[in-house]
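Asker: Those protein sequence lines, which keep their order, are chains C and X.
The numbering used here applies: residue 75 is where the first sequence begins, and numbers increase by one.
The numbering used here applies: residue 947 is where the second sequence begins, and numbers increase by one.
One thing to keep in mind: the hints can contain errors.
[Unchecked claim] Some chain X residues close to chain C (C-beta under 8 Å, calculated; not the full set):
| # | residue |
| --- | --- |
| 1 | Ile1080 |
| 2 | Tyr1226 |
| 3 | Glu1271 |
| 4 | Cys1275 |
[Unchecked claim] Quick list of in silico lysine-lysine cross-link-like pairs, DSS-like style, CA-CA up to 25 Å:
| # | chain 1 | residue 1 | chain 2 | residue 2 |
| --- | --- | --- | --- | --- |
| 5 | C | Lys169 | X | Lys1208 |
| 6 | C | Lys298 | X | Lys1337 |
| 7 | C | Lys107 | C | Lys132 |
| 8 | X | Lys1337 | C | Lys295 |
| 9 | X | Lys1316 | X | Lys1349 |
| 10 | X | Lys1337 | C | Lys297 |
| 11 | X | Lys1349 | C | Lys169 |
| 12 | C | Lys248 | X | Lys1337 |
| 13 | X | Lys1208 | X | Lys1256 |
| 14 | X | Lys1337 | C | Lys169 |
| 15 | C | Lys349 | C | Lys328 |
| 16 | X | Lys1316 | X | Lys1337 |
| 17 | X | Lys1337 | C | Lys497 |
Bear in mind the hints are in silico, worked out from the structure with no lab data behind them.
C-beta atoms are modelled at their ideal positions from N, C-alpha and C, and glycine is treated no differently.
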Amino acid sequence: FLLQSLEDLDASLRKLNSRLFRPAHDVFPRLFKEWGDQRLSYEYDSEPFGKERDAAIKKLACEAGVEVTVRISHTLYDLDKIIELNGGQSPLTYKRFQTLISRMEPVEVPADAITADAMWKCTTPLSGRPRRQVRRPLPGGSWVSFDTEGLPSAVWPGGETEALTRLERHLERKAWVANFERPRMNANSLLASPTGLSPYLRFGCLSCHLFYFKLTDLYRKVKKNSSPPLSLYGQLLWREFFYTAATNNPCFDKMEGNPICMQIPWDRNAEALAKWAEGQTGFPWIDAIMTQLRQEGWIHHLARHAVACFLTRGDLWISWEEGMKVFEELLLDADWSVNAGSWMWLSCSSFFQQFFHCYCPVGFGRRTDPNGDYIRRYLPYIYEPWNAPECVQKAAKCVVGVHYPKPMVNHAEASRLNIERMKQIYQQLSCYRGLGLLATVPSNTNGSGEASSGMLGFPMEPAVAATTQNSASAPSGYQMVAAAPSQGDWQSAVMTYAPDEAQGGLGGAQQQGYSVPGNSLMYYTQSAQQVLPAVTQGARHHVQSIGKRHSEDAGSGSSSKFQRQCSH
Amino acid sequence: MKRAKGEQDPSPSPSPGSPPEICKKLRTQLSGEPDDQEEEEEEEEEEEAAFGCDWSRLPQEILLHIFQYLPLLDRAFASQVCRGWNEAFHMPELWRCFEFELNQPASSSTESAEAACDILSQLVNCSLKTLGLISTARPSFMELPKSHFISALTVVFVNSKSLSSLKIDDTPVDDPSLKVLVANNSDTLKLLKMSSCPHVSPAGILCVADQCHGLRELALNYHLLSDELLLALSSERHVHLEHLRIDVVSENPGQHFRAIKKSSWDAMVRHSPNFNLVMYFFLYDEDEFRPFFVEEIPVTHLYFGRSVSKDVLGRVGLHCPRLVELVVCANGLRPLDEELIRIAKRCTRLSAIGLGECEVSCSAFVEFVKMCGRRLSQLSIMEEVLIPDHKYSLDDIHWEVSKHLGRVWFPDMMPTW
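Generate coordinates for the entire structure from the input sequences, incorporating the hints supplied.
Answerer: Right under this line is the structure:
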């Protein structure tokens, strides 16, 4: 895809008497010198790594007396402005993001396409032979030959030309449907669409500004209405959201050290991960999706939810970072910000997501693809599990056939366990000790005392809200659900349970004891890293961990006891 | 770090000698062990000696306070330093709670579990009030040899005598060890969580309910539930139950679940009118749901972890008047309009609802919210659930809902990238 895109770009440039050059840092000083007085312009890269790299190049250019022009075109908005509007923090909910967007200046109109006239003053030395061979860049700038003969024709052909064609088709289809609403999901939606645009947006074959404006124009034409709703640009805005969340966070793609990411003790299981990545889980639905991903480089977003949930909080309990790496390798539209952000979202590691809805690896597939067409297409060697008699299906858990693995987990058991785990983890973070599953996740959208749901018979609950807010010694980490949390509170309450990978057995393990005010203790084995709230108050870490269960001592009033315990 | 069970004998020579001497003794004792922790301990003691302050004369409250921050093994070492410290070590206030959390990845958690058992076995002179073996990582207590775990647990049960809170989900605890628990702690046990303990039988848990009349919280799997158990929990001698959590998990497709009589549930409600019944369902299909929600059941918090049919949700509306929270992971492609309206009408205490992969028409949803009004403090609906119709589109539904809820509300979103 990338090669085709580059070829396409090169071809277009050659029509304008220009060409592509090899991208590497060390090229610039030489070129600045060789080509003399000139200008350098580039597209602003909002990702932390990009910012660093570009800063270095800009410095080189300025030193060489070259005029540098930077423009924002990979995103719709100036992300720094959005962040500024939000008080210096990237918004962590999509709704908040949308609110901010609606207060921003309108999106810049896309520049016109370059024509030969526009180029008349610019020259490009066309020294060197034109590239006949398709060459593949290795990281570091050197090139190697890459044979494109014998590869099946790409489902997603690269290049701007293709992108623009698809854009027209996409808009045509929208106009024809004429209601701009999200189409209902069916088995066909799972297949690669000739109007799909996400890989082209990722690699810049299609300008997001162009897409935005074409959508706007179309809407106005069809609906005869001047203000399109934000939902029209859903795809673009999600992308923008993740870019904004990531731009100031170099640890965005990691769990450790990432201030917005829940520290969840994921399993490490290379074998299970490999099975998932190779489409050998024994769940045809999951395996078909992973097969499509590997073969074609794109899967529908609901398919992504299904496999991401299966890998992380649903079944395998493996870190989202691993899934992210696999997607990075295989998924055409997965760039750094969007990929990491989506994985965090889908694994409920961030962004205040409810974790109760688990995508069943069998059920979800059956509902989306009742005839099994999708599965048959990508796993042709499966012996038609959907046509097997009910009892056979049940007994084999929808798996039939000698060459296909058995399901690698018992989904009911795995999801039961994992829901419990997620609940424990979230409860360790918040003051919420009630029975409601929904209230376990701190809400960020409003502060209407949502902690009080499901609270029959627990006098503790109101006491928690009162004491932790008034108690001088209670650190900000306490204030989660009970109070109306701002995003700052959420960030400061994230705790680290980092396992120590280097330590094999328990010899040399540090056992840390943390005192909850009062007389209970938590023990964590093998945590070489201290359990720290991101905001450390003095030397003591008052961590409201697995808190006091009300019925511990035969006390008189449980609420008064809690107050006593909190007042240290 | 494995220490032989006999080694940790907490009866030190009560030496009136100065602390530095004792420290030196301890240091030589410890010098054989190649452990970081112990080195640190040694250094600490050297420092103490150098400073020459009389640590043995610290007031006990301060000692207790300090000891609370020490991990278990450090405390054990500290107890061997001198009589004063030994006394502090034995203060009941220090030993209210032992909560061991497994939160490490798979490779090391078995060792952690073993270490926990070792530690537990050594708590011979401690009267624990709280014991919690909690897993946020893979529950590795099941992977330990059963006897190892049981013997450790038995030590705790026999010695504690005032155990009030016990969390042993996903462990190989069995009926005989429960008998030991009951024999020693029946007066004090208030909380027992043992979901997913496959070696326990209904008779085992019945024994607990019969004897432990102070039991206020209980969590177990459905297969342990029986009419007798509910009646035992509602007997006159029993305190009011506060919270009963039941996990209904299907081990194999087509599993049959015994129905509980309405009269048993009625007895529970009569005895403990404010009790919470939390049920988590992980069943495969409609057939497995057959024995449930046929008669009135006092469930307050309901979670369906897998797909649940329209029909079952209809029955929930009919038979769950005490329902406070309903969370549905998935249903299917037929709209749940009627079922939701019925739930709004009949479940008058409903204050939290979560819908995952379901479908509800926007009009019905607005109707639902209107009927529930402001008592809905948690409304977590995936955006894809709401199907626009002639009355409402997706863009304006949130205004309607917000109006009836009295606060700004949006559905839950998933990235559509």
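Asker: Each hint needs a verdict: does it hold in this structure or not?
Answerer: Here's how the hints hold up against the structure:
no. : hint                   : result
1   : Ile1080                : 6 Å, holds
2   : Tyr1226                : 7 Å, holds
3   : Glu1271                : 5 Å, holds
4   : Cys1275                : 5 Å, holds
5   : Lys169/C to Lys1208/X  : 45 Å, violated
6   : Lys298/C to Lys1337/X  : 20 Å, holds
7   : Lys107/C to Lys132/C   : 15 Å, holds
8   : Lys1337/X to Lys295/C  : 24 Å, holds
9   : Lys1316/X to Lys1349/X : 9 Å, holds
10  : Lys1337/X to Lys297/C  : 18 Å, holds
11  : Lys1349/X to Lys169/C  : 17 Å, holds
12  : Lys248/C to Lys1337/X  : 22 Å, holds
13  : Lys1208/X to Lys1256/X : 23 Å, holds
14  : Lys1337/X to Lys169/C  : 23 Å, holds
15  : Lys349/C to Lys328/C   : 22 Å, holds
16  : Lys1316/X to Lys1337/X : 15 Å, holds
17  : Lys1337/X to Lys497/C  : 38 Å, violated
Of the numbered hints given earlier, the model fails hints 5, 17; all others are met.
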